[in-house]
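Participant: For the protein sequence lines, the chains are A and B, in the order given.
Following numbering that gives the first Met the number 0, the numbering of the first sequence begins with 0 at its first residue and continues without gaps.
Following numbering that gives the first Met the number 0, the numbering of the second sequence begins with 0 at its first residue and continues without gaps.
These are calculated hints, taken from the structure and not from any lab test.
Owing to the predicted nature of the structure, the values given are computational and were not obtained by experimental measurement.
Don't take every hint at face value.
[Unchecked claim] If you want a taste of the chain A side facing chain B, the calculated C-beta under 10 angstroms gives, among others:
1. Asn12
2. Ala75
3. Cys129
4. Lys131
Cβ atoms here follow ideal geometry from the backbone N, Cα and C, with glycine treated the same way.
Below are the chains, spelled out letter by letter.
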Amino acid sequence: MQSLSNRSKLVSNKKLSFMEKLYIPAILGGMLITFKHLFRKNNTLKYPEETKKFAPVYRGMHVLKRDEEGRENCTACGLCAVACPAEAITMTANEREKGEEGLYREEKYAETYEINMLRCIFCGLCEEACPKEAIFLTDRIVPTNFERGEFIYGKDRLVEKVDARIDISARQFTGKRKI
Amino acid sequence: MVKVTIDDVVIEVEPGTTILNAARQAGGDIVPPAMCYYSKLEGSGGKCRTCLVEVAAGSEKDPRPMPKLVASCSTPVMDGMIVKNKTSERVHENRGAVTEFLLINHPLDCPVCDQAGECKLQDLAFDHGAAKTRYEEPRRKHEPVDIGNTIKLNQDRCILCYRCVYVGNQLCDSRVHGVMHRGEHAEISTYIENSVDNEFSGNMIDVCPVGALTDKTFRFKSRVWFLKPMNASCECTKCAGKAVVWMFGNQIYRVTVRKDEYDEVQMIDGKPAWICNECRYDKKDVSKWTIEEPLKLKRTSVISQGHYDKPNPLNDSTKNLK
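Using the sequences plus the hints, can you model the full thing?
Facilitator: See the structure below:
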């Protein structure tokens, strides 16, 4: 029967010639290829001494950004959690008290914000959904761990520190949205 | 009966019916949007101008078109009237302009606002609004204030539709809040710090088309699209006890009235099913409610993102299910 995909090949039972039966030319040809590779550029890296540069579109561990005055951008609107196809994001909101204006940008803020890094598929839909430019994916790698619970990242590990900002400008566009 | 044509749909209605109500009787997408008109509140309508329609022929006897667009919520139909709503370019343009006006002072705080997801102004802006504002002056700014123990007023978001004032007038025994000042300075205010503590005052949260009046017991607790709305009923001496409970797992986060397709309170046994404050604020316990069925949502509604056909049988919240 004729193949539908037209990709099948007929097997031939051709007899080998004398030269082919010797095998030595084929072995020499293979060794020649191996020998050539000694003089080529090395493709591997000596990790961890050397690390590879990430592509500009790389999506790694999340960061919750603060604005120029150090206030948290996130207002717990829940759009990232709706957009998340892996259901990795949960949060609870709270109201900003008087005197906390320096901590949170809007009158509502995320009291808890958790990302389950085992669920997360790093698709980047959360940063796309975010109307406040609060969540971004960075080029940092989520470290390994022995405990499952340790992969649920709370605000302590997601929010950037005021004195140690995470630079995302190389990969992300900020200021695109008028907040 | 008078015959009226709305966007090529011909219907017969009682004389004296407004164009908006005639369109609602016909149903479908020819119904103009309404921000201030509320059929269950007497005297509402005619303020927001979002329901403007074009009258291409005034009546059978006088088929001249009306020179200006008319507010369909307060214009009665005439025999042989021809109305254009979605087929009229002028209406679309003007509705966009009205939306722009409504949004002049409206803050862009939908991520914060509890009404987001079920807000009529959000829908209107999505359909007709421009992506950018042309308004350069700073928006007016008010601090959110408590009116009563259970209602929070965000004056910034108010579009002055007066619906809550009519609720105070018509549902409660005495109205203690109203609109003060004039023009740009107009604002909802309570009468000298008086709290709104009437038995049915909570219904003004449900009639508010925007997030100006919000439930303090639900404030910032969750977002509407994370909750599962269920039709539920309870024994109540003050009201019909038919409401929608918004659940998250086994917990009731908030209680609202049952709404119809025009975002108005449903008629049950010929009466609008307003609910009392006790049902709204105090009955947050599942055991106090008989849960009937999940609320039927439009597929396009953001609330339907956690869509489900029937309650999860493994979930304890269904133990009261009939």
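Participant: List in ascending order the numbers of the hints, as given earlier, that are violated by the structure.
Facilitator: Violated: hint 1 alone.
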